[in-house]
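Read top to bottom, the protein sequences are chains A and B. Counting with our numbering, you get residues 1117 to 1299 for the letters of the first sequence. Counting with our numbering, you get residues 208 to 367 for the letters of the second sequence.
Treat the hints with care, since some could be wrong.
Stated by the list, open to error - Computed footprint of chain B on chain A; a stretch qualifies when at least three of its residues, placed anywhere within it, have a C-beta under 8 Å from a C-beta of chain B:
(1) 1126-1138
(2) 1150-1160
(3) 1169-1181
(4) 1209-1215
(5) 1232-1242
(6) 1260-1272
Claimed, not checked - Just some of the chain A residues that point at chain B, by a computed CB distance under 10 Å:
(7) G1198
(8) A1219
(9) L1228
(10) P1282
To be verified - Covered by chain A, per the in silico footprint, the following chain B stretches (three or more residues, Cβ under 8 Å):
(11) 209-217
(12) 248-256
(13) 296-309
What the hints contain is simulated information worked out from the structure, not anything from laboratory work. Keep in mind the model is a prediction, meaning the values are calculated, not measured. Every residue gets a Cβ at the ideal spot worked out from N, C-alpha and C, and that includes glycine.
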Amino acid sequence: MSGAELLFAAFALLAAAAALLAVTSRHVVHAALWLVVTLGSLAGVYLTLGAELVALMQLLVYVGAVVVLVLFALMMTRAPIGLRNDLYAPRGQRLAASVAGLATAGLVGGVLLTAVSDAGTRPDATRGTPQAVGQAVFGGWALPFELLSLLLLAALVGALVVSRVPAAADARTDPADPMEAAS
Amino acid sequence: MIHLAGPVVLAAVLAGAGVYGLLARRNAVLVLIGAELMLNAANVLAVTASTLPAGGLAVLRGGGKAAPVASTDPLLPGQVLAIVVITIAAAEIGLALAVVLLVFRRRSSIDLTQLRELGEASPTYEEHPDDGELTAAGHEDLLPDGPVAARPVPVVEVTP
């Protein structure tokens, strides 16, 4: 086992274990924090696979922004602190969910494992540098990249419109609601 | 050299955990965590694919006829796709959390098993489903002053 493979295995194990904990934890906030561990160790996985810029993007966007958003949402929806037993759907749905999850993992893993069999890959770190990816993004992928910025703008405007409380409706609908009264 | 089975199994575990989290959780924010895990499973596969030599898996599994030639594709499709997915995930979670907050503001709960209807008022809409756990916990601030327990559970009247 080479050093790169060992490093990859360590990050991958950490990511998989933290992902399982993130979906099974009975503490709401702990679930979000396990997500941080998953996403952070996935950045390590990308690094060992030679994708330097993707790893940095993962840290910046996912760990930096997405998780903070999730924690803010938990805070603003008055998420319960401490051990909770009502985080799960009824038992029957839980059983069906675990069957579906195992089936998905088995299907994806089985099909891809037969596809790759015993092949190995040698990551080339020079192909993941910011320079190489930047040239690709602003060269051949310029149009999809512009579409992405349009998508982000649309999501920004959409989020504003959805979460905005109309000034006139504010007084009419729910004067007793502290959240609407505050905004 | 990294054995390809590693990333593949990692992606499978992430996808399975994502599906489980998406289906088994009641809290809407925790459901979104499951969705994020599934997006990351796709990302792992995209980045792994970007490390394959020119010709992809077919060359690697060719059986030693010719040494794999390192890919020189300047477009780096796998890595650019991963960045695209990360961006889309950021847009998605921003919008989804705005919707979750709106639901919380209207219903004082983001318990997905309690949310039976999306609409504000329809003939079949019932604000307080069977077990009543939500009604007592979530709506105190909507009730008039006075002891909550003494009052009958309010029913939303739908004007025709």
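Here is what the structure says about each hint:
1. Chain B is given as covering the region 1126-1138 of chain A, and this holds because 6 residues of the stretch bring a CB closer than 8 Å to a CB of that chain, at least three being needed.
2. Beta-carbon proximity to chain B at under 8 Å applies to 4 residues in the region 1150-1160 of chain A; the threshold of 3 is reached and the given coverage holds.
3. With 7 residues carrying a beta carbon less than 8 Å from a beta carbon of chain B, the region 1169-1181 of chain A meets the three-residue requirement, and the given coverage holds.
4. Counting residues of the region 1209-1215 of chain A whose CB lies closer than 8 Å to any CB of chain B gives 5, which reaches the minimum of 3, so the coverage claim holds.
5. Counting residues of the region 1232-1242 of chain A whose C-beta lies closer than 8 Å to any C-beta of chain B gives 9; at least three are required, and the coverage claim holds.
6. Coverage of the region 1260-1272 of chain A by chain B holds. Counting CB-CB distances below 8 Å, 7 residues qualify, and the rule asks for three or more.
7. A hinted interface residue such as A:G1198 counts as satisfied when its beta carbon comes closer than 10 Å to some beta carbon of chain B; here the least separation is about 14 Å, so the hint is violated.
8. Residue-level restraint check for A:A1219 holds (minimum Cβ-Cβ distance to chain B is 8 Å; threshold 10 Å).
9. Satisfaction of the interface hint for A:L1228 is found here, the shortest Cβ-Cβ separation to chain B being roughly 4 Å, below the 10 Å cut-off.
10. For the restraint placing A:P1282 at the interface with chain B, the shortest Cβ-Cβ distance is roughly 12 Å, beyond the 10 Å limit, so the hint is violated.
11. Residues of the region 209-217 of chain B lying with their CB closer than 8 Å to a CB of chain A number 9, which satisfies the three-residue condition for coverage.
12. With 6 residues having a Cβ less than 8 Å from any Cβ of chain A, the region 248-256 of chain B passes the three-residue criterion, so the hint holds.
13. Given as covered by chain A, the region 296-309 of chain B passes the check, having 13 residues with a CB less than 8 Å from a CB of that chain where 3 are the minimum.
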